[in-house]
Structure formats: C-alpha cells, structure tokens
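Put together the whole structure using the sequences plus the hints.
Residues per chain, in single letters:
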Amino acid sequence: MSTITIKNALKKYGDITVIEGLNLEIKDGELFTLLGPSGCGKTTLLRMIAGFNTIEGGDFYFNDERINDKDPAKRNIGMVFQNYAVFPHLTVRKNVAFGLNNRKLDKKTVTEETDRFLRMMKIDEYADRLPQNLSGGQQQRVALARALAVKPDVLLMDEPLSNLDAKLRLEMRQAIRNIQRDLGITTVYVTHDQEEAMSISDTIAVMDHGVIQHLGAPKEIYQRPANLFVSNFIGRSNTLAGRMENGSLILEGSRFTHEFWVNIPDGPVKAAIRPEEFLISAEVQTGIPGTVTDTIYLGMDTHYMVRLESGEEVLVIQESTLADNYRMGERVWLTLNERKINIFTEDGNRNYLRG
Amino acid sequence: MTKKTFKMDIWFAITLGLLLLYLVFLLFPMGNLFRMAFYDGESFTLKYFQTFFTKKYYTMTIANSFKVSTAATIVSLIVGVTMGYLYSVYEIKLAKTVRMCIVLATMSAPFVGAYAWILLMGRNGAFTVFLQNLFPQVEIPSIYGFGGILLVFTTQLFPLVFLYITGAMSKMDNSLMEASVNMGCSGVNRFFKVIVPLIMPSILASGLLVFIRALSDFGTPLLLGEGYRTFPVTLYNEFVGEVSQNKGFASAIGIVAIAITCAIYIVQNIATVKTSFAMSALNPVPKKKPKGLAAFLVHFYIYLVTGISILPQVYVTYCSFRNTSGMLYIDGYSLQSYREMFGKLHRSVVNTIKIPVISLAFILVFAVLIAYISVRRRNALTSSVDMISMIPYIIPGTVVGIAMVTSFNKPPLILTATTTIMVISLVIRRLPYTIRASVATLQQIPLSIEEAAISLGASKLKTFARITIPMMSSGIIAGAILSWVTLVTELSTAIFLYTARTQTLTVAIYTQIVRGHYGVASAMATLLTAITIVSMILFNIVSPEGDITL
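Protein sequence lines correspond, in order, to chains L and Z.
According to this note's numbering, the stretch in the first sequence is residues 736 to 1090, in order.
According to this note's numbering, the stretch in the second sequence is residues 544 to 1093, in order.
Possibly wrong hints are sitting among the right ones.
For lysine to aspartate or glutamate, the following DMTMM-like pairs were computed, each having C-alpha atoms within a straight-line distance of at most 20 Å [what the hints assert, rightly or not]:
id : chain 1 : residue 1 : chain 2 : residue 2
1  : L       : Lys1075   : L       : Glu1012
2  : L       : Lys1075   : L       : Glu1011
3  : L       : Lys829    : Z       : Glu994
4  : L       : Lys805    : Z       : Glu994
5  : Z       : Lys1005   : L       : Glu1011
6  : L       : Lys886    : Z       : Glu994
Just so you know, the hints here were simulated from the structure itself, not pulled from any lab data.
Structural data, given as structure tokens:
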C-alpha cells in the first residue's frame, strides 16, 4: 500500500513541453482518476508513474521513497492496459502466474495465489485456455487478475474499458470498483469518459493541456466546476454570456437573484447552466423567452432545444410528465434553479461560486 | 538532453557489438573495394573507370544487360499479371498445385533452368533433335543468346509478379468490383479502368524486383549467353579470368554495378510512394467458375504457362535417372548419377546443408536483435546499425563475393577458402530481408505487452526471451524457411569464395556442367529441387496464409 506524491513534474518530448510544474498527492487506498480529452497528458503522467516514460524534472514518491530512477520492473506496480496486453502465447493461468514467478516465490504459493485471483476475477473456468479464445471482457479480467496477483503497491489502469462494448463496460466498471475497495489498493485510473470517471472514482483530476484544471470529488467537480472548461467537459452545460449588477444576474434581458451571488463584482460574466437547471413553462410567462425548435422524448426525460431571442440555442432536460410535450414552434419561458447554476469570470477561468 | 544520452543497458552493449561486426565484415570489405577501384598502389586513379566506359567491349555488356532485363521485365509483367488475375477471379482446377509449381519455378537454383533448357533446346537437346527430325529443312531457333536468356528469365521471374498480383487481388474488396459493374463498367473495360490502377503499386514493385533480379542474375547468362555478354558475367570473368586477372578493374566494375542498383532502388522507392494506398478487403472477390470456351481458354493458358515454367525441373529430374557414359546420356535408367553424387561429391551435399544451416542460425539471431533495437530502442546508434544492415540489399551478390575475397586474404584476418567466409557472406546478404520481415512482425506486437511483463517484475532480457521472441516466432519461422531456400540455392557469392572443401551444390552443379558431367549435375539439381519442395511444404504448414516474399 502506498501514497503517491508528485512534485513539480516536468515532461518534454524533444523541445515540446507536455507537462510542467504538476503537483499531485494521491491518498493511500483511494481510486484516483486522471480525466481529460485525448492529448491532455493523462496517459503521459500515468506512464511516468509506471516508469515507461522518462521524467524530465520533478520528484515522484511512493510513500517516502523517490522512484524517479527506479527500474520499472522493481516499482511493484500492477498495470492494466487499454489493449489488455495479455500474453497471447501463454494460457490464462500462466498469464496470471507470470508476475508471481518473477517474484521467485515457491511453487505452492504461486499456484495458490494464481488460483485465488483466477477465482476472484471469475476466470477460473478458462484457466487453461489461450487468450485468443476469450472475449475482450474476459481478456481484461485476465489482465486485471495478472496485475493484482503480484500484490502491487499501486495499480495503474490506462483506459482499461475503452475497448469493451457498452454493456461489458458497465459490468467491468463495477467489478473493478468492488475489487479495488476490497483490496484497498491505491489505484490511478486514466479515462476520457467522464461518466466512467464519476461512477468509479474517489477523487478526479480533470486535466487539459498538461495542467490539472480541477481536483476534487466527483460531486464537487460536477456541481461547482473550477472553470468553464471543466464545466463543459463534465456533463453537459449551456454557456450564456451575462452581466452582474448589484448581485443580480442579467441573462438574455431577464434578471435573476440569489443570496450566493451578492459578493460577485459588477460586470460581464459567463453563466453555465446544466440542462436540468432550467425550468421550462408556457403558462408562467416569466424568465427568458424562447421558441422550442426540437423535442426529443427519451422516456424518463424529455429534451427540448430552445432558441432564445438572442439566437442562442440551449438544451433543456425535464422529467417527462403525463401532460403533452411542448411542440416545435411553441413559445416558452425558461427560469433557473439559481442555487445550482455556476457563474464564471468572463474569460471562464474562475468560478465565482467557489470560495 | 534525453535524445543524446544512450541508456547504458544490455541493449546498448548488443548494439555496439553488432556495429563492430558490421564494421569488420561489411564496411571494411566495401571500403577495400572502393580503395582498389580508385587506387592503383601509388595514387588516386580513375583509369579503371576510364577503361570501362571508353571500351565498347565493356559498355556493350551494360547495354546488353539492360536490354535483356527490360525485355524480361515486360514479358514477365504481361505473363505474371494475366496469370495472377485469372488465378484470382476464376476457380481453377488444381489451383493449389498450380501455385506450388509457379512458386517452385522461381525458387529453383538460378541456372538449373538454363541448364535444363540447354538439355531440351541446346545443340543436341532432346527437343531440338526431335524438331530437326520432323522438319529437316527448317532452322530451329537457338536457345543461346538473347532469346534464350529472355525465356529463362521470364519463366523464373514471372512467378514474382504472380505472387504480388494474387496478394494484391486478395486485398481487393468485392464491393469495388460490384460498384464498377453497377456503373456500367465490366469485363475487359473494368480490368483496365479499375483493377489495373488498383493493383498498380504491386505491378510496379514486382516489375522493379524482376528487373533487379534479371540485371544481377549471373548463372543464366553464364550458361546461355555465349556471344551475348552481360554485365555480371563480365564482372566474373574479369575477376577470375586467368588471362587478365585485374582486381582493380573488377572492383571498378563492381562499383558501377552498385551505382546501377542504387539508382534502380531509388526509382523503386519513389514509384511505390507515389502509387501506394492502403486496401483491405472485408469481402474478397469471390472466385467464379468459368464456363464453356472461357473455361477451356483460361485453363489452357494457365496450364501452358505453368507447364513451361516447371518443365526444366521436370526434365532435369527425368535426366537424373538416365544412364550416362562420359558426357553423353545413353539408353537405360539407373541411380548411377546419384551414386556418383553421394560418392565422390558428397562433400558438396554436406556443405549445402551445413553452410546454410549455420548461416541461418546467425541470420535469425542477428535479424531478431537488429529488428528489436531498431523498433523498440530507436536512437542514433541503433538507427545507424539498421541503416548499415540494409546496405547489402542493393549490392549485387557477385560484388559482395569480390569484396569479401579481396579483403580477408591477408593478416590480420585470413578467411579465404574457409567455411567462415561463406557463412559471413551469406549472413550479410540475406540479413536485410530477414530484418525487414522481423521488423514487420515486431511492429504488430503492441509495446504494452512488453511493458506489462516489465511491470510484473520481469527483467529486460527476460521479457525479450519469454515474451517478445515467442510472440515473433511464427513470423520468424516462416521467414526462416524462405531464407533457407534462398541460401541453399545461392550461387553468385559462393562462386567467388568456394574451394574444393567448401563448394556447395550450386557451385558443384556449375562446375559439373562446365566439365560436361550432365548426369551428376542433373542429380544435384534434382536434390536441390527436392529440398525446395520440402521447404515449401513446410512453409505452407507453418504459415498457411503467409505471403511468400522473396
């Protein structure tokens, strides 16, 4: 078991700096997710921890031990790859035993431990098959069993679910979460799928351009994103340009007030309103007027596209009701759930609602 | 900073070792060749080149080589493309046997074909005599000279085109064919407007390959050329010729040869880059059953071409069982020739197995190591090893032979007349092909598999031995079998290096033919053919879907 501390990490490919001055602390036993669009540096950072990428600057610690120059084979990490990386010429059992054999354990221990993890990952019935005869989900279970069998201090997972189909992905997500909790192993998880990150993580670091944009618990990241990038990347969000006047928000000509906003200075702002933070109504004619341009009924929810008078189109999601849906071309008014919406500086770099 | 420092590890040591070997056994001999060509013992000189380019006797040989190679390329392309196309779109009876025979035709020793055609169509050839009796007043066309060389080149080299074309056709999606019919383009029209442009990269690549092979082929014009002198034969004669043994001049010719192949290689690269595009077939073109007259014509054409190209092997095999008396075949059949081969010439049989086996072992080890460092450990040092290893690809075998024999005949390294020098030459010549094949195999193995092994605590060497090599093995074995066949049938380098102790079957066949011992020569050629057939069957078992790349 291990904490991971990263101080002032620097990564360069040739003359291009990919990561600079990155600091991070990962608590013992937590599932820590690096989340971001492709090219944001999340996999690079993971591979620096694993030892497969060189570290151009800064210090990486497992507990108190600096591991910058430690041979990747000796870091005692378990790693799970996007393409499974199961050894195709070895049986499932031999795959799982591979790491244990490198640890020079006696035969009996190797067999016992192998069996334990084969059972834990529910692949004991395929133990003597070659990986090519297994489905993607089963192969990823082999990879996970193999990584866990060596009792690593740290488990690293590089987009482990993105090669699986949707149903398997949900199933594996749950399996990973359960086993990680049971074993209490410090895990760094890389993904670009924000829903996956939300559902699995204790802590998420949202990355973009090699910089951690927001580090926090899933709920905090969703409800009070640090900046407009995070707000748009996590979940869906409508961004409208507005103006603050004496603690009130002027949006599309309408005025909204809330006690949270009294200290926001006057001037232009960006308001980020999630689709479910709008309230739509044709009867109560207050708020922002607009016209329905599309209605999508999805069972539990109904999605409306509404064109505001400024020409801006916003997405509104309402719980479906028994009454008729608003139809295309119908005139509607939008009000806000003021407690929930976020107001950012005009450049979108800071959230006024975070202390 | 990271780019310039090399990581000191086991792979760094291996890279240095490989570089050292290449310095001694490739760069030194090649440097020596240049020195001999430009230095006459006292000062820098261009006199050898001057002699070569001013005497018609020599410039003629280049013109001849180009003429016959160009003609061979054109005919091989016509035959190879039509054969490949028909083979791919029609259900042919005995298709597998046809393919096997075609492959065999190109894998036979370089001049067995030529020799067999002499037996058939030479001055006393079986066919010539037969025709002469039939039409006493007609002059039978001679197998010697331009026509004969062209015939042998074509039968031996069109299979290369055939293999490339069938490979390209199998990557063509049927929807392309259906789409063109849909838009009103079918039959011959479709062949020229859709299919030919799509397989153009393969046509060009195979055409240039045929051209290079024809240009550097040594055995065929040696036997069939007579008055028609080609470049590689001149090179050989200038070097070993008893009258004018002039190493400087031979080296200069060697350098001219390198310049020519270099130029062709560059043209080939430009042409492939300009015309290549990726294709992959979800639904390959289904083979259809030809009907009526078409069925007859298609089968007739394919069987005829296959028959002609396999005829030499069949006839040589037949001859090997005939009785001989001195230089003549006489009535009756026996194993006399085989007894003679395994008797006084058994050494060449042993050498033909021994030398290629040793070479192959070195080739495999080096190819895997070089492929690994050039794919997985890319830096300035490994790149230079990779680049140096490709040099022999563009150097004709005869030139490698000359460079070797002239460089290791004095201290500190005296290797002439040893098995070692034959092995070294074969290893150096064949390595580029095996390295390319290993690189292709290695590139298909995701890096993460090796990283997984390392993260599980395996050392670099252990990862390589336990994970990388086993994963490469199927590709390596298939490549090894092909290499084996080319090593067994190698002539152009061996002929410069052999001695009575180290002579191989190919060299022995040549010397026996020159001395007129046709019976033994047939038996040896048959043995070579048998080795080739067995190897090809093995290849098909190891890699049923494998592309044959030569």
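Taking the hints in turn, this is what the structure says about them:
1. At roughly 7 Å between alpha-carbon atoms, L:Lys1075 and L:Glu1012 fall within 20 Å of each other, so this suggested pair holds.
2. Restraint check: the Cα-Cα separation between L:Lys1075 and L:Glu1011 comes to about 10 Å, which is no more than 20 Å; the hinted pair holds.
3. For a cut-off of 20 Å, the pair hint linking L:Lys829 to Z:Glu994 stands: about 17 Å separates their Cα positions.
4. Proposed proximity of L:Lys805 and Z:Glu994 is supported: the alpha carbons are some 15 Å apart, at most 20 Å.
5. Taken as a hint, the Z:Lys1005 and L:Glu1011 pair is broken in the structure, with Cα atoms around 56 Å apart against an allowance of 20 Å.
6. Distance restraint check for L:Lys886 and Z:Glu994: the Cα-Cα separation of roughly 17 Å lies within the 20 Å cut-off, and the hinted pair is therefore satisfied.
Checked against the numbered hints given earlier, the structure breaks only hint 5 and satisfies all the rest.
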